[in-house]
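**Student:** Read top to bottom, the protein sequences are chains S and L.
Using my numbering, you'd call the opening residue of the first sequence number 1 and step up by one each time.
Using my numbering, you'd call the opening residue of the second sequence number 1001 and step up by one each time.
Because the hints were derived from the structure by calculation, they are not lab data.
Because the structure is a prediction, the values reported are computed rather than measured.
Just so you know, even glycine gets a beta-carbon here, dropped at the ideal spot from N, CA and C.
One or more hints might be untrue.
Stated by the list, open to error - Mimicking DSS-like on lysine-lysine, the simulated pairs with C-alpha atoms at most 27 Å apart in a straight line are:
1) Lys75(S) - Lys1027(L)
2) Lys1365(L) - Lys1428(L)
3) Lys409(S) - Lys7(S)
4) Lys94(S) - Lys1283(L)
5) Lys1040(L) - Lys1428(L)
6) Lys1403(L) - Lys75(S)
7) Lys1027(L) - Lys94(S)
8) Lys403(S) - Lys94(S)
9) Lys1132(L) - Lys127(S)
10) Lys1094(L) - Lys1403(L)
11) Lys1027(L) - Lys1040(L)
12) Lys27(S) - Lys7(S)
13) Lys428(S) - Lys365(S)
14) Lys254(S) - Lys1075(L)
15) Lys1040(L) - Lys7(S)
16) Lys100(S) - Lys1132(L)
17) Lys75(S) - Lys1094(L)
Claimed, not checked - Computed footprint of chain L on chain S, listed as stretches where at least three residues anywhere in the stretch have a Cβ under 8 Å from a Cβ of chain L:
18) 78 to 90
19) 317 to 331
Unchecked claim - One-sided excerpt, in silico: chain L residues whose CB lies under 7 Å from chain S:
20) Ile1004
21) Pro1005
22) Thr1038
23) Tyr1080
24) Leu1400
25) Glu1427
For reference, the chains in residue letters:
Protein chains: 2
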Amino acid sequence: MTDIPYKIYLEESEMPESWYNVRADMKNKPAPLLNPATGKPMTAEELGAVFCDELVAQELDDTTAFIAIPEDIRKFYRMYRPSPLVRAYCLEEKLQTPAKIYYKFEGNNTSGSHKLNSAIAQAYYAKHQGLKGVTTETGAGQWGTALSMACAYLGLDCRVYMVKVSYEQKPFRREVMRTYGASVTPSPSMNTEVGRKILAEHPGTTGSLGCAISEAVEDAVTHEGYRYVLGSVLNQVLLHQSVIGLETKAAMDKYGIKPDIIIGCAGGGSNLGGLISPFMGEKLRGEADYRFIAVEPASCPSFTRGVFAYDFCDTGKICPLAKMYTIGSGYIPAPNHAGGLRFHGMSPVLSQLYHDGLMEAVSVKQTDVFEAAEYFARCEGILPAPESSHAIRAAIDEALKCKETGEEKTILFGLTGTGYFDMYAYEKFHDGQMTNYIPTDEELQAAVSTLPKVGE
Amino acid sequence: MTDIPYKIYLEESEMPESWYNVRADMKNKPAPLLNPATGKPMTAEELGAVFCDELVAQELDDTTAFIAIPEDIRKFYRMYRPSPLVRAYCLEEKLQTPAKIYYKFEGNNTSGSHKLNSAIAQAYYAKHQGLKGVTTETGAGQWGTALSMACAYLGLDCRVYMVKVSYEQKPFRREVMRTYGASVTPSPSMNTEVGRKILAEHPGTTGSLGCAISEAVEDAVTHEGYRYVLGSVLNQVLLHQSVIGLETKAAMDKYGIKPDIIIGCAGGGSNLGGLISPFMGEKLRGEADYRFIAVEPASCPSFTRGVFAYDFCDTGKICPLAKMYTIGSGYIPAPNHAGGLRFHGMSPVLSQLYHDGLMEAVSVKQTDVFEAAEYFARCEGILPAPESSHAIRAAIDEALKCKETGEEKTILFGLTGTGYFDMYAYEKFHDGQMTNYIPTDEELQAAVSTLPKVGE
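Next up, chain S with everything else stripped away, as it sits in the complex:
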């Protein structure tokens, strides 16, 4: 066998032609989305008021294993994919570990993360349906940037509701979106009924992701020719993100590499779900076994300390209910939390897999995360996003266990993006001003006590 290169790039001809739908191989399917008014599963027609028709079909399809990627999307993918699968030779050397460490790096595009994989798909189907535009929310701005890029490419209008505190404190992301022609509105805003209501009740609020979701959905359903798109959590998003795992598996197969442990950070779950899906498929079909580890922030621990129940995805409670691991839609991470992955719930697909014991989860403190980020940057060169650094932390921890035991395990992790727009958080870390927050049991109990009673 040849030596493993530092970076494995697939040829364009080796890139996936279909997405893989892991639900097709799951015995216990993820629970359906429920209509919060009736407590009944959302029909295609109901979902069609919010989402594009083709995306509704993908959302509901839990039997088709492979769904062809339209040629126009594949063309766009070729502009920034395949992403490299990197052998972390320098990290291994610095850790003095016998483990072999690989990472799939999704940050080499202007959105700075894997989000673009689903953004182009969702924008494409909107365009294909003859719509005028799409609406969405964004927190720090990765998803909004990705969607803006996709819409600029296709000539689609893009309206982004950006959490007000990020809009004001992260003007650079906002300007990237404007470069791509998107309109960016700080949320809560006076554009929507839900925004006006929240502003009336909490005049000084700096906004939240859940609130921005509510506004974006309302904007879409009240404007002809618009639909709402979401960057994580949903089944369709995990489907599109399977391109990460499919490329990774093809690259590993090409060089005869089999990972023992697969690690990903988890906020809503889109990156982790995409990375693990073809490997999980093998596990579900009994063809191979892998350890899967989801890594989440200790300050927002939906897997490790949440409950598996139906909950709202948004603060305004206008979205369908999803059955997921959740710490309550009213839960807001402490203000000192700078590491991203702030969503209160977790993708229904991953929640079901976790509930069925098919994957593990750990939570990590943010100072440990930034320590790993800096360590990684100094030897591997790449400046990682705080989100991605959760996976780095866990990968380093597993590699250090191998050092103790002498085991030559192969560790694969997802490096979802770059931290160029997160230097404020890095600055706090450098200045020794970063602190940790771990919610108390009482706090979490109070948060989940507000869960809706439907769907039980």
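Following the hints, complete the assembly by docking chain L onto the known chain S.
**Tutor:** Chain L in isolation, oriented as in the chain S frame:
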């Protein structure tokens, strides 16, 4: 012949093993650096007080065509190279041009530009010589970031003098450098004699690149075990940057592509010099012909409106004199200039080639540059640095000429980096607040009237 992929990545085994020294093929060699005190060529011994020994040898060597890249540097290159040669299919389609457009993209690394290619080489030779550390200056921060990354990798101390206005207005670049363990000092500072002198004379100054160079040089020569390193202009830097052109040529040769026009932005000239060098070598040896176009800002027009003469590289006038196209070391671009490429002179190698009629130069207005940047971002996805966008502007202009004439020319340009840290300038452009400044003839005449009298 196979279809040309969107992105051509060389295999690691195809990456260059030597740098190419274009001076070896030049009939008229670039003029030597002069000692400002004596007016005589700098000796290796004199240069050795400022630069590492091996770099001095490279600086003075104008006969050896290929210089082997040490294995440790090649190892570091493999972490972020080869960089992709991209076929701009989407740009071509949007322009409706018969031209074929390629760009060599150097922005996919944390420094965000090609600067890393020389930073690792210079840091390596410093380490190899047993030095403790290096000093340098940085403006916007690309070079400082690149050097910090290289020093972190090798365990070398790194002291960066950052132009004060950038230090204050671009805290994020500063934090990236700190992430890599560099010490970053706003310049002018009280650390150096030249800094104290400038502060005494101009208490409110926000600094300049020329002033930061003076401080970094003084810091190096007054501290045991330190040397100064520079990110552009010098012969050694162009040598290291030849890796850009060598990879480009290898990728083009592999697919049977021959460029008609090769375009690069030019500040000090390191990217342009690196990109064109192997092609220029063919031209110098009479083996092939190409058009080379240097693109510079209209507000800092050293090629198009400067004089070819000996001048200082720094404001403090403590550096050797270089013979180059210059608009005077006292020239400072107008405050409204946001496009980078602010250096008053141009690399002696490129200056000689330009003087001998082997390449062309154009200057472009910054609003035209940002218009091209946004146009490019929306179809090719990548958010370009303002510097790089000078080359985009010229490439688009050439492609539009092809559209008029129907010629199917092949255009190659260097896309040196990304604009993630330049969103303030983009914001001005979006808000319609960006203006142009073109110096008057009188202004330029006044600036060059201060040229030193030595070396004539």
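**Student:** Against each hint, give a clear statement of whether it holds in the structure.
**Tutor:** We went through each hint and held it up to the structure:
no. : hint                    : in the structure
1   : Lys75(S) - Lys1027(L)   : violated (47 Å)
2   : Lys1365(L) - Lys1428(L) : holds (15 Å)
3   : Lys409(S) - Lys7(S)     : holds (19 Å)
4   : Lys94(S) - Lys1283(L)   : violated (45 Å)
5   : Lys1040(L) - Lys1428(L) : violated (47 Å)
6   : Lys1403(L) - Lys75(S)   : holds (24 Å)
7   : Lys1027(L) - Lys94(S)   : violated (47 Å)
8   : Lys403(S) - Lys94(S)    : holds (12 Å)
9   : Lys1132(L) - Lys127(S)  : violated (58 Å)
10  : Lys1094(L) - Lys1403(L) : holds (12 Å)
11  : Lys1027(L) - Lys1040(L) : holds (22 Å)
12  : Lys27(S) - Lys7(S)      : violated (36 Å)
13  : Lys428(S) - Lys365(S)   : holds (15 Å)
14  : Lys254(S) - Lys1075(L)  : holds (23 Å)
15  : Lys1040(L) - Lys7(S)    : violated (48 Å)
16  : Lys100(S) - Lys1132(L)  : violated (32 Å)
17  : Lys75(S) - Lys1094(L)   : holds (15 Å)
18  : 78 to 90                : holds (count 4)
19  : 317 to 331              : violated (count 0)
20  : Ile1004                 : violated (10 Å)
21  : Pro1005                 : holds (5 Å)
22  : Thr1038                 : violated (42 Å)
23  : Tyr1080                 : holds (6 Å)
24  : Leu1400                 : violated (21 Å)
25  : Glu1427                 : holds (5 Å)
Checked against the numbered hints listed earlier, the structure breaks hints 1, 4, 5, 7, 9, 12, 15, 16, 19, 20, 22 and 24; every other hint is satisfied.
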